[in-house]
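Peer 1: Fit chain A with the ligands to the given chain R structure using the hints.
Spelled out from the first residue to the last, the chains are:
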Amino acid sequence: MTAVDDVSFSMVADAPEVLTIIGESGSGKSTLARMILGIHAPSSGRIVFEGEEVSARVARDRHAFMAKVQPIFQNPFESFNPLKKLDRYLFMTAERFGRAGRGNVERVCDEALGAVGLSLAEVRGRFPHELSGGQLQRAAIARALVSRPRLIVADEPVSMVDASLRMSIVNLFSRLKREFGLTIIYITHDLATAYHISDRLIIMRRGQIVETGEARGVLSAPKHPYSQMLKDAVLTPDSAGIFRSSVQSRL
Amino acid sequence: MSAAPILQVRNLRAAFRTHHFGVRRDVPAVDDISFDVRANEIYGLAGESSSGKTTLIKTIAGVIKPPLELVGGSARFAFLPDCESLAQASPAAVAAIRWSKLAYIMQGSMNVLNPVRRIGKTFEDFALRHIGSAGDFQQRVEAHLQRVRLEPSVLRSYPHELSGGMRQRVTIALATICAPDFIIADEPTTALDVIVQKDVLAMMRDIQGAMGASILFVTHDMGVHAALTDRLGIMYAGRLVEEAPTDVIFRGALHPYTRHLIASLPRIGDRSERKSLTGVPPNLANAPPGCRFHPRCPLAVDICRVQAPAMTELATQHRVACHVVTGEAA
Ligand SMILES: Nc1ncnc2c1ncn2[C@@H]1O[C@H](COP(=O)(O)OP(=O)(O)OP(=O)(O)O)[C@@H](O)[C@H]1O
Ligand SMILES: Nc1ncnc2c1ncn2[C@@H]1O[C@H](COP(=O)(O)OP(=O)(O)OP(=O)(O)O)[C@@H](O)[C@H]1O
Ligand code: SF4
Ligand SMILES: [Mg+2]
Ligand SMILES: [Mg+2]
Numbered sequence: 001m002t003a004v005d006d007v008s009f010s011m012v013a014d015a016p017e018v019l020t021i022i023g024e025s026g027s028g029k030s031t032l033a034r035m036i037l038g039i040h041a042p043s044s045g046r047i048v049f050e051g052e053e054v055s056a057r058v059a060r061d062r063h064a065f066m067a068k069v070q071p072i073f074q075n076p077f078e079s080f081n082p083l084k085k086l087d088r089y090l091f092m093t094a095e096r097f098g099r100a101g102r103g104n105v106e107r108v109c110d111e112a113l114g115a116v117g118l119s120l121a122e123v124r125g126r127f128p129h130e131l132s133g134g135q136l137q138r139a140a141i142a143r144a145l146v147s148r149p150r151l152i153v154a155d156e157p158v159s160m161v162d163a164s165l166r167m168s169i170v171n172l173f174s175r176l177k178r179e180f181g182l183t184i185i186y187i188t189h190d191l192a193t194a195y196h197i198s199d200r201l202i203i204m205r206r207g208q209i210v211e212t213g214e215a216r217g218v219l220s221a222p223k224h225p226y227s228q229m230l231k232d233a234v235l236t237p238d239s240a241g242i243f244r245s246s247v248q249s250r251l
Numbered sequence: 001m002s003a004a005p006i007l008q009v010r011n012l013r014a015a016f017r018t019h020h021f022g023v024r025r026d027v028p029a030v031d032d033i034s035f036d037v038r039a040n041e042i043y044g045l046a047g048e049s050s051s052g053k054t055t056l057i058k059t060i061a062g063v064i065k066p067p068l069e070l071v072g073g074s075a076r077f078a079f080l081p082d083c084e085s086l087a088q089a090s091p092a093a094v095a096a097i098r099w100s101k102l103a104y105i106m107q108g109s110m111n112v113l114n115p116v117r118r119i120g121k122t123f124e125d126f127a128l129r130h131i132g133s134a135g136d137f138q139q140r141v142e143a144h145l146q147r148v149r150l151e152p153s154v155l156r157s158y159p160h161e162l163s164g165g166m167r168q169r170v171t172i173a174l175a176t177i178c179a180p181d182f183i184i185a186d187e188p189t190t191a192l193d194v195i196v197q198k199d200v201l202a203m204m205r206d207i208q209g210a211m212g213a214s215i216l217f218v219t220h221d222m223g224v225h226a227a228l229t230d231r232l233g234i235m236y237a238g239r240l241v242e243e244a245p246t247d248v249i250f251r252g253a254l255h256p257y258t259r260h261l262i263a264s265l266p267r268i269g270d271r272s273e274r275k276s277l278t279g280v281p282p283n284l285a286n287a288p289p290g291c292r293f294h295p296r297c298p299l300a301v302d303i304c305r306v307q308a309p310a311m312t313e314l315a316t317q318h319r320v321a322c323h324v325v326t327g328e329a330a
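Heads up: the protein sequence lines correspond to chains R and A, in order. The working numbering applies: residue 1 is where the first sequence begins, and numbers increase by one. The working numbering applies: residue 1 is where the second sequence begins, and numbers increase by one.
Check before you lean on any hint, since a few could be wrong.
[Said to hold, decoys possible] Calculated pairs, DSSO-like style, for lysine-lysine (alpha carbon to alpha carbon, straight line, at most 27 Å):
| no. | chain 1 | residue 1 | chain 2 | residue 2 |
| --- | --- | --- | --- | --- |
| 1 | R | Lys85 | A | Lys101 |
| 2 | R | Lys177 | A | Lys275 |
| 3 | R | Lys68 | R | Lys85 |
| 4 | A | Lys101 | R | Lys231 |
| 5 | A | Lys101 | A | Lys65 |
Source of the hints: derived by calculation from the structure; they are not laboratory data.
Here chain R stands alone, though its shape is the one from the complex:
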């Protein structure tokens, strides 16, 4: 079966950007993310990072590649080992990838946690199941920041957090891009945050790109019928009661 079919795009190192991928559930977004991260090899075609094919790069030096390309996965409950305390996990990441040196491990982790509205004091000694979904996802983002990567592949990173925090996390992505030249691939179902922070947008359906372009242009005036359907299906505060039965009127 083909989950991702003939997809092409490129990103330029000197022009950091937020590239957003939106699309049908099951259209291959996560599969594409896993290929960029070197977890799956493509059955045909090439993915090149800094001039070298990802699979070759991973085979040569997995560790160096992982320090530069960090994932944030769709489901925070999946991204942590349930038996390992979170602070240990973060410290290990900082020791393995960090540029800070051993003495600074705690400070580096606390800073990364601070960037996502958490603190070391709050996660110290706690197992993943002892945090709420949103806290755990923020910890996953902090973990990805610890190694100071060049590229972050974030697969639905904010689907489990409240609107206010959601905005502060995507704004954090913009800031990381501006201040540290970080490039971000942001996979999401949330068209509104995509509108706010993306430079470029890709819309996928059934393994293929149906529309791509400058993000706000595409979202303001989508051309492909599927993109138009997507935009029309977005629920907003103005969608009041579109599914509501007659309960209200009977009260």
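Peer 2: Below, chain A with the ligands alone, put in the same frame as chain R:
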């Protein structure tokens, strides 16, 4: 006039009790919460991340295990009138109503599917004894999957062969196929694209309407709340801080946290900066005294720092917990 409640929650309290090097730490994640869910309504819960929404509904559903403890209060379902709360009911009593009366779609439930069982087998495990003969069972399941836009072929798949959104739809189909009286759903559509999400929500509304069932629906997606829910409760730091019919929350929220939440919603076509709250979300193990929102509240006055505001009914069906709004601060 209001319909009779199918769920009555009264002064419910639950806490995580942990011991660290001999020091007991209490996380009061559900603190004195009271509300009703009426027959035939969809009650939405929103609020800050880690404000206790999942803990609240776990307590209501009786899915409590250490370190989570019921501290006090009750959560009574109309179909089990003698039972103060499922958290205290016998496992047999809870099992007897699971799926047929009460279905619970857990947060992150796309991972609760048994990884070594094909989806079709899981349907048999859960639903076969509640519905129909083996003969038309397959057909019923396929027809139901169709309603969440899934092909019958998923029945032959293992969970890891499906995308996040497909697994989420499988769990929704599992929870709804027996047409329970009460559905508790915690972030059930987070992994769905907006088109599929709209279909799935319409399906849940259909089932709810046709069966006269009630749904307690937790999500951060305020667009979903606007479209789907009849009433909305807003939580902050373990407490319910506002409750009103959904359109009133969107048009005329009164609590400063709710107002911030509504104002922070991003929109396509509007690039204006969204203000974030000052300060950090409260650490519940060491919650601020008085109103828990006071360190971040733009309206806070002296009394807020010492006394917790009580939920007060300010207008018909509109309750708020805020000293300033209720005028007690004057
Ligand atoms: N291990 C696997 N074996 C077989 N098929 C798979 C496997 N993993 C994914 N698939 C299939 O590949 C397709 C794409 O899945 P993918 O997870 O990439 O989708 P997605 O776009 O991320 O969807 P969602 O928005 O729901 O997360 C789906 O049809 C899925 O069933
Ligand atoms: N096992 C546990 N031990 C200690 N504290 C816990 C445990 N599980 C959750 N908590 C804490 O209880 C509080 C409430 O968590 P809960 O999961 O109910 O939040 P939530 O409102 O559902 O958040 P989200 O929207 O992020 O899912 C959080 O502060 C969390 O850290
Ligand atoms: S009680 Fe005081 S601190 Fe709390 S929300 Fe009202 S004004 Fe703000
Ligand atoms: Mg995915
Ligand atoms: Mg939760």
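Peer 1: Does each hint fit the structure? Answer for all of them.
Peer 2: We went through each hint and held it up to the structure:
no.: 1; hint: Lys85/R <-> Lys101/A; result: violated (37 Å)
no.: 2; hint: Lys177/R <-> Lys275/A; result: holds (20 Å)
no.: 3; hint: Lys68/R <-> Lys85/R; result: holds (24 Å)
no.: 4; hint: Lys101/A <-> Lys231/R; result: violated (37 Å)
no.: 5; hint: Lys101/A <-> Lys65/A; result: holds (22 Å)
Against the hints set out earlier in the document, violations occur for numbers 1 and 4.
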